[in-house]
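Protein chains in written order, with the numbering used here: chain A, 1 to 117; chain B, 118 to 228.
It is worth saying that the hints were derived from the structure and are not from the lab.
Note that the structure is predicted; figures quoted are calculated from it, not measured.
Positions of the beta carbon are idealized from the N, C-alpha and C atoms, including for glycine.
Treat the hints loosely; a few may be bogus.
[As the list claims (entries may be wrong)] A few chain B residues that don't get close to chain A, going by computed Cβ distances all over 10 Å:
# : residue
1 : THR143
2 : GLY158
3 : LEU179
4 : ARG189
5 : ALA210
6 : VAL226
[Unchecked claim] In silico lysine-lysine, DSS-like type, Cα no more than 27 Å apart, as pairs:
#  : chain 1 : residue 1 : chain 2 : residue 2
7  : A       : LYS44     : B       : LYS185
8  : B       : LYS118    : A       : LYS62
9  : B       : LYS118    : A       : LYS44
10 : A       : LYS71     : A       : LYS51
11 : B       : LYS159    : A       : LYS44
12 : B       : LYS220    : A       : LYS51
13 : A       : LYS44     : B       : LYS215
14 : B       : LYS215    : B       : LYS185
15 : A       : LYS51     : A       : LYS62
16 : A       : LYS27     : B       : LYS215
17 : B       : LYS185    : A       : LYS62
18 : A       : LYS44     : A       : LYS71
19 : B       : LYS159    : A       : LYS27
20 : A       : LYS44     : B       : LYS220
21 : A       : LYS27     : A       : LYS51
22 : A       : LYS71     : B       : LYS215
23 : A       : LYS62     : B       : LYS215
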Amino acid sequence: NAGVMQNPRHLVRRRGQEARLRCSPMKGHSHVYWYRQLPEEGLKFMVYLQKENIIDESGMPKERFSAEFPKEGPSILRIQQVVRGDSAAYFCASSFRLAGTNTGELFFGEGSRLTVL
Amino acid sequence: KQEVTQIPAALSVPEGENLVLNCSFTDSAIYNLQWFRQDPGKGLTSLLLIQSSQREQTSGRLNASLDKSSGRSTLYIAASQPGDSATYLCAPAGANSKLTFGKGITLSVRP
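Okay, chain B solo, but in the shape it has when bound (with noise of 0.2 Å):
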């Protein structure tokens, strides 16, 4: 059974910060991985997807790395803004594109 652990499950920063949020997963046996903003009372925006078969995937600011044999992922987020502030939730894909989230880390990036 799939486990999924983001810590620290909170993260406060000033502006301008670089930052890396960590993403852990038991099983290796993963079809891709996709991360998430989850804004409070609001759906899920897909940020990044990964393939298996990729090392990493880049959007704007954002890069997500995929080391899948030690079942870690980060999302790298450059030069943060208010705006970024939000819950991320990364989750691994099983057989059938079954996601498992963990819970997430809510991120306050203040002015």
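Chain A with its partners taken away, still in its complex shape (with noise of 0.2 Å):
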């Protein structure tokens, strides 16, 4: 049983371009968390997604990000018009939910670093 999986590992743009992190959660697993990590920062709540639907947006920026997790294939974050500001490490975490319950573990991919010159 494969882990959370993302891609690309590392990813370079130039101020202005467009980023798309990939992530497949755990086979089973139906929620979706993106978090950022800034240099010597903790890790941030960014969004949380179930297949078609975003549940909690309340942790990304207002202007230039975006996610999905469509019906097929992976979640996608897009960062629009990348600034300096955005390198970080970009990571995404599944959990799988029990019937009745309002929490589960989560298991972390090994993130994405995108880096903006």
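Put the complex together from the two separate chains, hints included.
Put into structure tokens, the structure is as follows:
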């Protein structure tokens, strides 16, 4: 059972370009979370998605950032018109929610490291 | 808003020592708490998950305790080894498994 798969592992973009980060959750997991880790900072929640639905996007910057988790395929975190401050490690996590519960254990991927030149 | 504090930021111990890593959080209305390990340039590895109804959880040389009412959790590592060197992160979970992270404790175990 493969873990959470993220790609690309490293991505370099110039200011103004677009970055697309992909996340395939663990098999059987239908809940996906995105976190961002800035240099010397802790991990910060960005967005929580279930298949075809955004459940909580309270941590997403209001502009340039979007996320989706389509019925088929991986979850995508998209950053338009990147700026140097977007340079960070972006981590995806997935969980399996037991029926009738509100929480489940999160499993994280290896992360995608974005560098903006 | 949940805030998580882990002190000290860094810790260096000789091999074989038993040690305790502390974590405090401000909002006691949590569903569970996870401890993770992060190696440099790598992802997070889940070590232990304690449900809000539990007091402690054990896995091998690791033991985590939770005192929800006082907003504290500890991770106990027995007989530390150089391979335990990493950053340890504490993350209480709110609704929908939304985790809040501290900045972590960077542990160095000297041979």
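Hint by hint, where does the structure go against what was stated? Just the numbers, ascending. 2, 5, 12 and 17
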